[in-house]
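Asks: Listed below, chain by chain, are the residues.
2 protein chains.
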Amino acid sequence: MREMVGIKERAERQISKAVIKRLPRYRRYLGDLQKKGVEKISSKDLSELIGYTASQIRQDLNNFGGFGQQGYGYSVDYLYEEIGNILGLNKTYKMVIVGYGRLGQAMANYITSHEHNFKIAGIFDVKQIIQDVEFKGAEILTCGSLANFVAKEGIDIAVITVPAEKAQIVADTVTRAGIRGIWNFTAVDLDLPEGVACEDVHVSDSLHALAYYMQDMK
Amino acid sequence: MREMVGIKERAERQISKAVIKRLPRYRRYLGDLQKKGVEKISSKDLSELIGYTASQIRQDLNNFGGFGQQGYGYSVDYLYEEIGNILGLNKTYKMVIVGYGRLGQAMANYITSHEHNFKIAGIFDVKQIIQDVEFKGAEILTCGSLANFVAKEGIDIAVITVPAEKAQIVADTVTRAGIRGIWNFTAVDLDLPEGVACEDVHVSDSLHALAYYMQDMK
Chain U
22 MREMVGIKER AERQISKAVI KRLPRYRRYL GDLQKKGVEK ISSKDLSELI
72 GYTASQIRQD LNNFGGFGQQ GYGYSVDYLY EEIGNILGLN KTYKMVIVGY
122 GRLGQAMANY ITSHEHNFKI AGIFDVKQII QDVEFKGAEI LTCGSLANFV
172 AKEGIDIAVI TVPAEKAQIV ADTVTRAGIR GIWNFTAVDL DLPEGVACED
222 VHVSDSLHAL AYYMQDMK
Chain C
22 MREMVGIKER AERQISKAVI KRLPRYRRYL GDLQKKGVEK ISSKDLSELI
72 GYTASQIRQD LNNFGGFGQQ GYGYSVDYLY EEIGNILGLN KTYKMVIVGY
122 GRLGQAMANY ITSHEHNFKI AGIFDVKQII QDVEFKGAEI LTCGSLANFV
172 AKEGIDIAVI TVPAEKAQIV ADTVTRAGIR GIWNFTAVDL DLPEGVACED
222 VHVSDSLHAL AYYMQDMK
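Those protein sequence lines, which keep their order, are chains U and C.
All residue numbers for the first sequence refer to the numbering used here, where the first residue is 22 and numbers rise by one.
All residue numbers for the second sequence refer to the numbering used here, where the first residue is 22 and numbers rise by one.
Just so you know, not all the hints are guaranteed correct.
Put simply, identical chains are the same to the list, so a pair is met inside one copy or across any two.
[Said to hold, decoys possible] DSS-like cross-link-like pairs, simulated, lysine-lysine; straight-line CA separation at most 30 Å: (1) K42 to K57; (2) K65 to K157; (3) K56 to K173; (4) K42 to K65; (5) K112 to K148; (6) K157 to K61; (7) K65 to K38; (8) K112 to K38; (9) K61 to K173; (10) K148 to K42; (11) K65 to K140; (12) K42 to K56; (13) K42 to K187; (14) K112 to K57; (15) K173 to K38.
No lab work stands behind these hints, which were simulated from the structure alone.
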């Protein structure tokens, strides 16, 4: 029953963005179960935990070959591992953080303490940071050297935490220097060349959705 | 053509979460157009700008009564205003920030400079903050006084930026004290009573989705 769909076969299918968005959530719950020593789980129990229907979960995982065994359920370790592989978390990624205000600092702390596959190689700011010349092994540099650094160090991902009006110019700089992924925290939708992946954390959109849900509740 | 669907009528229909998630984005683009002095826009031009299909846009807005005039397009000011009303951005909300590390500080800065409908009334941390006793008019207090403050001040929204293992206890405290909305930045899905709206910013899920897209591009 444990059939793996090859990377090539997978690439030929179009997995919907909604499915991809749910995978990290599955993995997060499986990680919690692992910590509690749980070895296997049925799609029904997983469904109660995560809050998606059991059929939704089976359908999502079937996109990648299933992973379940009839009458046994899912092996927690195996599924955690395989979802990690699907997401590409079996590799490490070199990052730069561009913009070292409070948010950049928060993300630097978060990544170094929680995301061991993502290594911060450099941190960039318009201002010369005087109080910290490095952050846990990552150099802190001014933006003038950003393009060279990205190209020379073979950086995979730029985390953009600059003010909105600077976002596109930073994106242009890093994409020209060969970046493959952008994690964008600004309120701007970036204009990017093909082949560059982008994930946005638009906090303003999130807050406004919350305002909607609050009215809807009354 | 400009029919408004009443709040009551709207509440009886079920607007999908996906539509709600797109509304702040429409409003954001309309705000940019306003700043550029654009007065009207067709759904086709809006579509090219935002990246959704024109029919998607029309369909989304029809959930709320349409707002467009045949052969004229959308009035930018009017649509910006109406989407704001739908989202509940014609009101003000009183907030507390719970957790005043880097992320809490970043969110306090962001809200006070960009989100004028959301007023930070208090900021809470486990530690006594000595260097700042207040932040732009908001008191900075220790968590022991959180429940009282929320109840007494009639706080609408709690922004939770504490470590993951403290998230649920903070949520329990503020919901018991009568909060109506939670903006959750922790990696935890909170267990909340009915009638409390919640919007999660799960940065870890977002980063892992980015890792997936990066593989998918190769």
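Asks: Looking back at the numbered hints, which does the structure fail to meet, lowest number first?
Replies: Those not satisfied are hints 2, 3, 5, 6, 9, 10, 11, 15.
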